[in-house]
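As they're listed, the protein sequences go chains A and B. If you use this note's numbering, the first sequence corresponds to residues 1 to 89, in order. If you use this note's numbering, the second sequence corresponds to residues 1 to 351, in order.
Do not take every clue at face value.
[Said to hold, decoys possible] Cβ pair distances, simulated, as ranges:
{"hint": "1", "chain 1": "A", "residue 1": "Pro72", "chain 2": "B", "residue 2": "Asp308", "range": "38 to 44 Å"}
{"hint": "2", "chain 1": "B", "residue 1": "Asp183", "chain 2": "A", "residue 2": "Glu33", "range": "32 to 38 Å"}
{"hint": "3", "chain 1": "B", "residue 1": "Thr274", "chain 2": "A", "residue 2": "Tyr56", "range": "28 to 34 Å"}
[As the list claims (entries may be wrong)] Partner residues are not named here, just some residues of chain B that face chain A (Cβ under 10 Å, in silico):
{"hint": "4", "residue": "Asp134"}
{"hint": "5", "residue": "Gly146"}
{"hint": "6", "residue": "Phe215"}
{"hint": "7", "residue": "Leu237"}
{"hint": "8", "residue": "Pro286"}
{"hint": "9", "residue": "Thr287"}
{"hint": "10", "residue": "Asp289"}
{"hint": "11", "residue": "Arg345"}
Just so you know, the hints here were simulated from the structure itself, not pulled from any lab data. This structure is a prediction, so every number in the text was calculated from the model and none was measured. Note that CB positions come from ideal geometry on N, CA and C, so glycine has one too.
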Amino acid sequence: MSSTDASADVFAELATIIRRVLNRDVELSLSTEAADVAGWDSHATVEIIFEIEERYGFQFSNNEMEEVDGIPNLLRLVATHTAAAQAAQ
Amino acid sequence: MTPFETDQRSWGWTAAGSATDGWPPRGDAGFLRQPRADATQPRCASLYSTAAFLTRWETPCLSRRGRNSARGWHGTRTQEPESTTADKSFGDDHVTDKALAPEMAVEPSPQPMPSADTGPATGPDALSEVELLDAFESMGDNCEFGWFQKVGGIDRLALFKWSSAPLSILADLITRGLPGVDDKQYLRLRPEPRDNGNAEYLLEHSLLHTPMHTFVLVGSVPEAVALDRVARRMTLLSRKFLQDAKEAKRIYVYRNPAAPCVSDVMRVHEALCTHGPNRMLYVHLPTPDLAAGEIRIHHPGFAEAAIDQLTPYEAATTILTTMWPDILRKAYAALPRDAVAESFRVAETCS
Chain A
1 MSSTDASADV
11 FAELATIIRR
21 VLNRDVELSL
31 STEAADVAGW
41 DSHATVEIIF
51 EIEERYGFQF
61 SNNEMEEVDG
71 IPNLLRLVAT
81 HTAAAQAAQ
Chain B
1 MTPFETDQRS
11 WGWTAAGSAT
21 DGWPPRGDAG
31 FLRQPRADAT
41 QPRCASLYST
51 AAFLTRWETP
61 CLSRRGRNSA
71 RGWHGTRTQE
81 PESTTADKSF
91 GDDHVTDKAL
101 APEMAVEPSP
111 QPMPSADTGP
121 ATGPDALSEV
131 ELLDAFESMG
141 DNCEFGWFQK
151 VGGIDRLALF
161 KWSSAPLSIL
171 ADLITRGLPG
181 VDDKQYLRLR
191 PEPRDNGNAE
201 YLLEHSLLHT
211 PMHTFVLVGS
221 VPEAVALDRV
231 ARRMTLLSRK
241 FLQDAKEAKR
251 IYVYRNPAAP
261 CVSDVMRVHE
271 ALCTHGPNRM
281 LYVHLPTPDL
291 AAGEIRIHHP
301 GFAEAAIDQL
311 TPYEAATTIL
321 TTMWPDILRK
331 AYAALPRDAV
341 AESFRVAETC
351 S
């Protein structure tokens, strides 16, 4: 699987998580920021973080939690942790 | 439209004289007041380790209710000592560092103040409005400050910003590392009607003794699912709170129009300080000895401020005052992170 495919898969999973947390079918893209999405507030962010941690099996650091402000940073953080986990294997 | 709404994106700060040149701050505008000098306190006493510490801070509480109050704080009657020269503002009499309470007598730092985070050193005037808001975190006692931050662009992941936990409970739980705050046995949801005809699940937290907003609408998800979500939020937010407290990055803000005793609020600060060199700002309505807009430093990490208005509990999302930015800027100047951390290091070394 190419990195592009993997990134697309991660985006699809993140979109599913975000829609489930927001409880509606919001339009999301690779550049969507939380501020652009009605209802994506700190409460939603907490739940999104929690679901991502459960799905991918890592924990966000404190600083990382505060960086969760949209899809771009989420993709980056997930990629970072995934790469670190693979490197550790 | 509230006064805040008219001015929410451009606060138009006009207060002069912020202290950006080290510790302790001494503003040109004389807005800072210092605590009573107490030469009997040992220089190296651990900042929160002695009974004398709490005794010392009983007096400011008494003064709030008046010297001849029939019932002082904690049900006792205590005579307030005569004021000293140290009761005057920095700007009025140019009191030196050495006139401060001993633990306040920290040498001025040659370094400029750091930003709220670990970014380049900067003073409060150099921070944008959002950056300044980002330097603080609400501890209650209602939603006002959390809401003020949110409207200003900072929607922090914070455990206590939508809560009103009693001070004694807060202090105890924070000291013990927030055990059980995410335990479902302490969580109960109850529907709370909203003005628009909807209802929100309000969290009744029996351990924190406080209701908390969940912002989950009744009917949007089954109650059991909502409770799961709330419990997970508490897990993550308590984890984050403790990490934040350890890193001591932000200034915790507690506001309360009922003006509880300063020493009670300081116990929460003391609890925070068991995790790191934290800073706390206590905001209440004006008193005879602290006018609106003034800040009094009680401790290298603790300041008290008076604000002209605080929102009532039934309308906590309506910000009544335009004074918050000014208060925050002063507090940011009065509680520089590096100097506070250094004072803690000194105290730990000497204790």
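Verification of the supplied hints:
no.: 1; hint: A:Pro72 <-> B:Asp308: 38 to 44 Å; in the structure: holds (41 Å)
no.: 2; hint: B:Asp183 <-> A:Glu33: 32 to 38 Å; in the structure: holds (34 Å)
no.: 3; hint: B:Thr274 <-> A:Tyr56: 28 to 34 Å; in the structure: holds (33 Å)
no.: 4; hint: Asp134; in the structure: holds (9 Å)
no.: 5; hint: Gly146; in the structure: holds (9 Å)
no.: 6; hint: Phe215; in the structure: holds (5 Å)
no.: 7; hint: Leu237; in the structure: holds (6 Å)
no.: 8; hint: Pro286; in the structure: violated (31 Å)
no.: 9; hint: Thr287; in the structure: violated (33 Å)
no.: 10; hint: Asp289; in the structure: violated (37 Å)
no.: 11; hint: Arg345; in the structure: violated (22 Å)
Checked against the numbered hints listed earlier, the structure breaks hints 8, 9, 10 and 11; every other hint is satisfied.
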